[in-house]
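*Asks:* Using the numbering used here, read the sequence shown as starting at -9 and increasing by one per residue.
Please note that the accuracy of each hint is not assured.
[As the list claims (entries may be wrong)] Here are the simulated lysine-lysine pairs, DSBU-like style, with alpha carbons at most 35 Å apart:
| id | residue 1 | residue 2 |
| --- | --- | --- |
| 1 | Lys229 | Lys245 |
| 2 | Lys182 | Lys153 |
| 3 | Lys134 | Lys245 |
| 4 | Lys267 | Lys229 |
| 5 | Lys134 | Lys99 |
| 6 | Lys99 | Lys82 |
| 7 | Lys120 | Lys182 |
| 8 | Lys153 | Lys120 |
| 9 | Lys82 | Lys153 |
| 10 | Lys305 | Lys294 |
| 11 | Lys82 | Lys120 |
Because the hints were derived from the structure by calculation, they are not lab data.
All values derive from a computational prediction rather than experimental measurement.
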Amino acid sequence: MSAQELGISVEQGGKPTSKSGELKIDDKKRMGDYKSVHSLWDPEQGVQWSCCEILLMAGAWLICIIPIFWFFMFRTVRDYERALIFRLGKLKGGAEGPGVFLINPLTDKIYVVDLRIETYNLPPQDMMTKDAVTVTVDAISFMKCIDPIKAILEVDDYRYAFKNFSATTLRSVIGTYNLQSLLSNRDEINDKIRIIIEEETSTWGVAVPAVEIKDVKLPQNMQRAMAAEAEAERERRAKVVSSQGEAEAAEQLAKAADTISDSPGALQLRYLHTLVKISAEKNSTILFPLPMEIMRGLQAFSSKTEENQKLRRRKVKQDRIDLIEENQPDYEE
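Input sequences plus hints: build the corresponding full structure.
*Replies:* Listed below in structure tokens is the structure:
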């Protein structure tokens, strides 16, 4: 695709300008917008060699390479690796492997790409949450190269770029959550970080199987505050449970008292059961059993005495009133 087809004209200075003559830069471009405009490697087209390049290669093989670099001409690529061979600066044949390859040490340069899942421990990130709490977050990310050609041609060092981009994404995502969400919604945060990273690194031929937050470290004063809050919450729950137990116990005791009042012998049986429990323990307590009939008699006598005292008081009060009424006419005369 030429510059004229893109709507860009090139002046003598070499700077791209629009048709109106002004230089335009889009600040909102994503990383994927900067991938190569044309195909860096076309398997159907192949590699086109000039006559000079062919003669140079033939001379290098016959004169220098075979006699001198015999032991450096063979490279082995394992089953989980792929090799990219650049001959005179041009990619030869795409990603090759596994197996043994014959290379020219003077004109060839080989890059070996590992296709296994690689693990990266992201450095601890000191950041601030949405509710202004400073935390230190440790995370681990997993990376898998699925397109060796893009991994070599689209980015300088895809491992270094992936590690730094993952750390930056971790900081930006954590800043959008408050502390409570950070501690409780780990799965949601992990998925969000993974999607953001994979959306950008897919242009490099790199996939992200998973991103996991390992640990969230809080300041000491925040840990003490959270511990005090949790302790107060536990005490509140304990008091609520205790009060509910006392209410239920009082309700059951009221029912038991009603049952005992309906059955006169029930109180005597309860009294005897209490004596059995006390006598089973090894103590020096001396018990004097007192029949319940005596208690009832004393209670009845006490009630009768109290009633007589009330009647006597009423009678004395009435006598005083009668005496006052009798003497009232004498005062009037």
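*Asks:* Enumerate the violated hints, using their earlier numbering and listing them in ascending order.
*Replies:* Per hint list: 3, 11 violated.
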